[in-house]
Amino acid sequence: MSDDTFDVEAMIDAMAAFLDLPVEESYRPGIAGHLTVARAIAADVLSFDTSDEAEPAPVFRT
Amino acid sequence: MIAITDMTGAQIAAAVKGGRLTARAVAEAFLARTEALNPHLGAFTAITTDRALGKADAVDAQIAAGGDPGPLAGVPFAVKNLFDVKGISTLAGSKINRDLPPADEDAALVERMEAAGAVLTGALNMGEYAYDFTGQNAHDGPSRNPHDPDYMSGGSSGGSGTATAAGMVPITLGSDTNGSIRVPSSLCGLFGLKPTYGRLSRARTFPFVASLDHLGPIARSVSDLALAYDAMQGPDTEDPACTDRTPEPVAANLEAGADSVRVARAGGYFAQGALPEAFEAVARIAQAVGSDETVDIPDAKAARGAAYLITMSEGASLHLDRLKTRHADYDPDVRDRLIAGAMIPGAWVTKAQKLRRIYREKMLKLFETVDVILAPATPCRAPRIGQQTMVLDGVEMPVRPNLGLFTQPISFIGLPVVTVPVWTDGEALPIGVQLIAAPWREDLALRLAHQLEKAGVVAAPVANITGH
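As given, the protein sequences belong to chains A and B, one line each in that order. For the first sequence, position 62 (counting from the first letter as 1) is numbered 970 according to my numbering, and the numbering increases by one without interruption. For the second sequence, position 447 (counting from the first letter as 1) is numbered 591 according to my numbering, and the numbering increases by one without interruption.
No wet-lab data here; the hints were simulated from the structure. All C-beta atoms in this analysis are idealised placements derived from N, C-alpha and C, irrespective of residue type, glycine included. There may be inaccurate statements among the hints.
[What the hints assert, rightly or not] Cβ-Cβ distance ranges computed for the label pairs, FRET-style:
| id | chain 1 | residue 1 | chain 2 | residue 2 | range |
| --- | --- | --- | --- | --- | --- |
| 1 | A | G941 | B | H184 | 29 to 39 angstroms |
| 2 | B | E571 | A | S934 | 36 to 46 angstroms |
| 3 | B | A147 | A | G941 | 27 to 37 angstroms |
| 4 | B | E399 | A | D960 | 43 to 53 angstroms |
[Claimed, not checked] With a Cα cut of at most 20 angstroms, we get these calculated EDC-like pairs of lysine to aspartate or glutamate:
| id | chain 1 | residue 1 | chain 2 | residue 2 |
| --- | --- | --- | --- | --- |
| 5 | B | K445 | A | D952 |
| 6 | B | K509 | A | E963 |
| 7 | B | K230 | B | D380 |
| 8 | B | K468 | A | D921 |
[Claimed, not checked] On the chain A side, residues computed to face chain B include the following (Cβ under 10 angstroms):
| id | residue |
| --- | --- |
| 9 | L929 |
| 10 | E932 |
| 11 | E933 |
| 12 | P937 |
| 13 | A940 |
| 14 | A946 |
| 15 | A948 |
| 16 | A950 |
| 17 | T958 |
Kindly produce the complete structure, drawing on both the sequences and the hints.
Right, dumping it as structure tokens:
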């Protein structure tokens with residue numbers, strides 16, 4: 909994923925307001941770190957080829 | 145003569161049923177060892193002495209009356225403190241849950257263990273809300289590795305690893321969402337079973353990630369794993385994911401051996417990104433079973449990523465209200481990760497669930513040609529308590545999320561795994577290897593583990609704790 913437009917601090921501000929989540933100043937570095945890691949990890953997931961018909965599979969019953 | 149606290153559960157049950165030991169004597173011996181060691185090792189958060197002695201006396205009375213208390217007669221066990229234990233608040237490793245009322249019922253698996261004659265001795269320390277691989281806890285302190293208390297037990301079932309390896313109980317129960325049974329089993333040198341997703345009821349336990357949560361036993365012998373596993377199987381309508389399959393007991397068939405079990409090493413993702421000891425342990429097992437086959441597990445890195453995102457998101461969903469009202473009471477490491485999880489897009493998580501089905505179909509194809517796949521359980525032996533980062537393949541990375549990098553892609557699709565402990569001469573600390581089987585084939589992994597144990601390739605001795 910391109911990081912050109914990703915501003916993690918702005919995202920924390922926007923999402924904290926959107927979710928009505930209190931975010932203390934001391935929490936921000938940790939949250940920013942986890943969001944940055946998640947975005948990098950998501951790149952592998954989002955580039956994975958799933959068809960439009962693919963069904964989610966949270967429970968297995970074979 | 146072997147000390148009571150060095151005995152396995154199977155040995156204890158045989159001695160109790162044979163009249164050579166009373167369940168009370170067994171319970172008193174383990175409780176005394178627990179009282180002596182726990183202040184130094186941080187395994188238990190509650191010791192249920194009265195309950196244990198009452199149950200032990202009931203077992204003895206049943207035997208005196210000519211009855212059979214069950215296959216775990218008089219065997220002490222303890223449970224990660226996310227299992228409900230009647231009369232105790234279910235902490236799940238947190239400060240926040242200390243405000244909950246005491247549980248008014250036991251977890252389903254506690255009931256089933258006791259119905260088989262086992263004796264509950266307490267609740268065990270764990271990483272907060274199970275979001276942890278280290279065994280450290282911001283509120284109760286770390287559960288320490290009994291083989292060297294300066295080192296991590298692994299987590300999040302850290303107290304389960306510590307208590308079992310220290311000989312405080314022969315069997316513990318833990319939970320495993322992404323590796324939380326297998327990581328402490330590896331770091332503490334124990335046998336651990338993470339069954340197939342849905343095999344064992346999770347009723348009346350505190351959840352973490354519903355679509356990934358499993359429960360299972362940790363022990364110092366494969367026979368004990370099998371005895372506990374057999375005692376806990378069976379459908380339960382109170383857990384919507386619990387299978388309605390007929391129980392498939394394993395203990396009586398362990399001696400069938402594993403000569404016909406086809407074994408291969410996992411290649412690719414599972415053959416890189418770890419310290420040499422992790423691969424050496426896998427090679428030792430492969431050599432012992434005469435296997436030189438390797439299978440490539442496709443898309444494991446993407447699978448781990450998907451598990452990572454689902455965990456962040458589902459975990460955040462579970463905690464969203466508490467994050468608004470009790471955010472200051474969380475372990476900061478857990479809180480920041482959960483808040484971040486609340487902020488990631490739902491579309492990513494749905495994509496991750498779709499990936500899950502496709503990845504699983506590919507993995508099931510592999511099991512057409514192999515029965516058990518070997519992979520490292522952890523990328524290294526136990527890190528030091530407090531260690532924040534480690535270097536794997538020349539890359540510095542945080543310890544906490546990455547101890548589970550080899551377990552996460554497996555539990556992601558619910559495959560059953562037995563972790564076996566490997567020791568190297570001159571090393572104080574062990575490391576584990578995962579024996580991974582097809583869904584519902586716990587029997588194959590357990591039989592192979594038993595064969596390795598009998599051959600002396602793997603072992604789980606009680607830690608030699610100086611001064612005790």
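**Q.** Hints not upheld, ascending by number
**A.** As far as the earlier hints go, 3 and 11 are violated by this structure, in ascending order.
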